[in-house]
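Visitor: For chain A, the structure is supplied; the task is to place chains B, C, D, E and F on it using the hints.
Number of protein chains: 6
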Amino acid sequence: MTKESFNLDADKGIMATKRVFGEHSLMIGRFQPLHNGHMEVIRKCAAESENLTIGIGSAQLSHEVDNPFTAGERYLMINEVLKAERISNYCIVPIEDINRYSLWVAQVESLSPPFSIVYSNNPLTRRLFSEAGYELRDSPLYNREMYSGTVVRKKILEGEEWRKLVPKKVAEIIDSIDGVRRVRDISGGD
Amino acid sequence: MTKESFNLDADKGIMATKRVFGEHSLMIGRFQPLHNGHMEVIRKCAAESENLTIGIGSAQLSHEVDNPFTAGERYLMINEVLKAERISNYCIVPIEDINRYSLWVAQVESLSPPFSIVYSNNPLTRRLFSEAGYELRDSPLYNREMYSGTVVRKKILEGEEWRKLVPKKVAEIIDSIDGVRRVRDISGGD
Amino acid sequence: MTKESFNLDADKGIMATKRVFGEHSLMIGRFQPLHNGHMEVIRKCAAESENLTIGIGSAQLSHEVDNPFTAGERYLMINEVLKAERISNYCIVPIEDINRYSLWVAQVESLSPPFSIVYSNNPLTRRLFSEAGYELRDSPLYNREMYSGTVVRKKILEGEEWRKLVPKKVAEIIDSIDGVRRVRDISGGD
Amino acid sequence: MTKESFNLDADKGIMATKRVFGEHSLMIGRFQPLHNGHMEVIRKCAAESENLTIGIGSAQLSHEVDNPFTAGERYLMINEVLKAERISNYCIVPIEDINRYSLWVAQVESLSPPFSIVYSNNPLTRRLFSEAGYELRDSPLYNREMYSGTVVRKKILEGEEWRKLVPKKVAEIIDSIDGVRRVRDISGGD
Amino acid sequence: MTKESFNLDADKGIMATKRVFGEHSLMIGRFQPLHNGHMEVIRKCAAESENLTIGIGSAQLSHEVDNPFTAGERYLMINEVLKAERISNYCIVPIEDINRYSLWVAQVESLSPPFSIVYSNNPLTRRLFSEAGYELRDSPLYNREMYSGTVVRKKILEGEEWRKLVPKKVAEIIDSIDGVRRVRDISGGD
Amino acid sequence: MTKESFNLDADKGIMATKRVFGEHSLMIGRFQPLHNGHMEVIRKCAAESENLTIGIGSAQLSHEVDNPFTAGERYLMINEVLKAERISNYCIVPIEDINRYSLWVAQVESLSPPFSIVYSNNPLTRRLFSEAGYELRDSPLYNREMYSGTVVRKKILEGEEWRKLVPKKVAEIIDSIDGVRRVRDISGGD
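From first to last, the protein sequence lines stand for chains A, B, C, D, E and F. If you're matching positions, the first sequence starts at -14 in our numbering and goes up one per residue. If you're matching positions, the second sequence starts at -14 in our numbering and goes up one per residue. If you're matching positions, the third sequence starts at -14 in our numbering and goes up one per residue. If you're matching positions, the fourth sequence starts at -14 in our numbering and goes up one per residue. If you're matching positions, the fifth sequence starts at -14 in our numbering and goes up one per residue. If you're matching positions, the sixth sequence starts at -14 in our numbering and goes up one per residue.
Looking at chain A on its own, in the form it has when it is part of the complex:
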């Protein structure tokens, strides 16, 4: 993504878009499932953004030990929780993996409303968007040992208390789609 000259037209385009609809920023997660740590990040990013696009990564994966929920189920989780919290300046975009990093930024760009800021602490994500010329911002911090998808899935699997780690509506959705049993079935557990 090495280009020599600054494309004035494209630049004017993003300026115009911003003037009309405000600035868009982007964050991407897998949300397997959406947990309280994610929500801390989303709340802060949404608060400091005019518009926040939340990308659901690895959208094609589901029914796997590390990816039990479909993109649609994860979409519902995010949407219900944000509505409940009266956050409204967001878009949700499922994004399938493309398995060649050189095309990944272009894919995100084609699926998301035009954006100019990217929140991420992931070095690869930062590198790829940075090589493509985006402004990077550090993603807000949260307690990663307490809140992580891995921990939530493990607790669901082992019958421990997981409901406190996720927003109430997420627990309701997981229950309503028979998600506990799914997590156990796909693990080959009992």
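Hints are not guaranteed to be accurate.
Chain copies aren't distinguished; within one or between two, either way the pair holds.
[Stated by the list, open to error] Lysine to any residue pairs mimicking SDA-like chemistry, simulated, CA-CA at most 25 Å apart:
hint : residue 1 : residue 2
1    : K153      : V66
2    : K149      : S133
3    : K149      : F6
4    : K139      : N21
5    : K68       : A31
6    : K68       : E157
What the hints contain is simulated information worked out from the structure, not anything from laboratory work.
Guide: The following block gives chains B, C, D, E and F in isolation, referenced to the frame of chain A:
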């Protein structure tokens, strides 16, 4: 995987989902671009649905004569117009073509929040969702000769008056992304 | 597309199919290679089914340490052994992986003659077909320590006695396609 | 593909396979649906072959005007009719299009039991298998004006008499899967 | 894609690359086959570039009426002719279609040595690279009625004089790969 | 890849190609990055070949810990170093993985100028090309402990002296594309 079916578990799941989050219905269009006819449909479907999922079909296509806009640009059009109209009970989901109809319903199911009703007048769409056990509803009618993506794209290309055929915000978005010139460039026109 | 479901038309369809051609059941394996344990399962399933469809999973894989044989070679193994055992109520269907579990049942449905019963002990397979509304049956048991593809491939690789673990015709096929040398070559062994 | 030297090992392999299991020949069709013309070809090819592999081409397509039936439905048609005619020296293999002709022969080879003869009158098919070193045989002739998939689908669509053009069991299968209505639905007809 | 800020690092990178290895420019064609019109363009572009990358478009296609030759055969044509003409400041890169224009520039970027100038008269190509910030140059003109792949293929097919329309080495390559007969076979001609 | 008869036409074709353009041989590597060990091999293979095609394997991968550089960057490395060494009888061909070994040889054949000799010490590569009828030659040996992509990447990552392990121009290219920082960023290192 949500069908009102013999499968008791799945069935109970969708019942539970519905009880908790209300009934979801689905409509799919290409929105190249979103025009006033689309908006008549969306307004009516949203009014009679608890939640309406709007699928953006052929999400992978852009920069083609019949598909000039990216999925992200179309997402922005729908989102901005619905916000402006104070409609809020909707989700927007870009859906890539899968080029094998036998898998298409499963793909839509995996990307969309669980739904139980499908709005469509397209015979193939109706057939596919009907074979999969969904409740089909006729899509509301509108003046298809006046409002159609084909007509809008043709008028953009030929420099005729197209702005009256689309919501005001769509025209603003098309202008802000230099869309008129894009439509002309990809047609090889001047 | 075949499920005993609320969908009356589809339901009548599967009823009609069953009435005309008998009930079809399905089992899926990788058969790398077909061994005596597989044959115990196939014999029992074929005996209690009107028609048995045998899916060859991961059909696209070959020339790998864990998947040395092509789908066509595995097809020949199954077909020759079943003919030799005078079993005739079966279909063989190579099935490529689709790498997104949410579409996998739809893919199996599109490639296989319509079926209504699935034999499997694999929790994920059971989960996926169960979410899609199929009747699941336990797959017959056999001595999994003695008979397993992993063991057969390991014995071929290490020059131990593997011929007793597979039907005689499978050994003949492996010999005729130079299979022993292939297993060793792709392992980087001598 | 052009290669210089005759691989002695591969050659000995096919010799050995042939000695043990007899010679295999291949024919490929789309069978949308299987009609009486196809059956003339299959009967003759099966009669003059030790083993005949019948490839179902464009296996991934269904629910299209020119490809209404799934690979599994087409598999059932062929299998039921051949059983009814007491033909038994055949294999049926669904083959997905790969959309790059340079790989197509390799794909057919990987999915089919090893074969050495190809029946085809199609110039491209003949060219591709001939460049790969296969023996080509002319496919038996039949009345192509009377029997063709295009004609059968058109008659189904227009409510004309199509049942005489296909084997009795094919008509029964089409009826049992509600195929007449499917052909009409996907054509947008009534 | 529209981005707001000029990435200084990427910019310094291309500056550094240029300083060390000179400026690279890019042209893309299908070369089915390479003809004298292509050569006029290549000669001029190579003369005015420090380094010229020649992309072979639709690299995955071959054995089709409009795309008879493989990417490898087209690579050989270009390489042999340029060597014969003592042009040496070029790279040849086969580029497969990606069927989503929004990713196409990123794919070309990932396969080609870093470049900063694009030669093209094709409005879509110009649009896509221009949206990505590249410097576009008009491709040199030649007599498009006399020299075109379509004309050359038609003359080959119909047995007319085509050898004068292509460089001598291209004719030799086409002869050596039995190309005339291939063009006819895949057209269903005699 | 089991075929019975030696295709005389194809054989004559390769003979004719050879007579006109000389014999082509093939070697394939990932070149992540090109190091001095690779160069020993290339020098020897190029010296004993009329024409050497250098395939860049896993061309689609980049920005991964084990595959940091794009195919285009690797192409530039090879091309610049060979020009500097005044080697000129080579072609460079990026080759994407196809993830099914049964098609891999056909893919290499379709992308590369026609070749008849393959250099490789990799047992799987040797097996696949040997099953397809190619002449295999041992790849020249070099000090694999000192020169390996793994070692070079590790030294780049850990800030040790890596420049002596690669040709001077490779170090310059890595510097000019900010490659050291990329290797560290994608490793999540500092």
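Visitor: Hint by hint, note whether the structure agrees.
Guide: Hint check:
{"no.": "1", "hint": "K153 to V66", "verdict": "within (8 Å within a copy, 31 Å between copies)"}
{"no.": "2", "hint": "K149 to S133", "verdict": "within (12 Å within a copy, 43 Å between copies)"}
{"no.": "3", "hint": "K149 to F6", "verdict": "between (37 Å within a copy, 20 Å between copies)"}
{"no.": "4", "hint": "K139 to N21", "verdict": "within (16 Å within a copy, 37 Å between copies)"}
{"no.": "5", "hint": "K68 to A31", "verdict": "both (13 Å within a copy, 17 Å between copies)"}
{"no.": "6", "hint": "K68 to E157", "verdict": "within (15 Å within a copy, 27 Å between copies)"}
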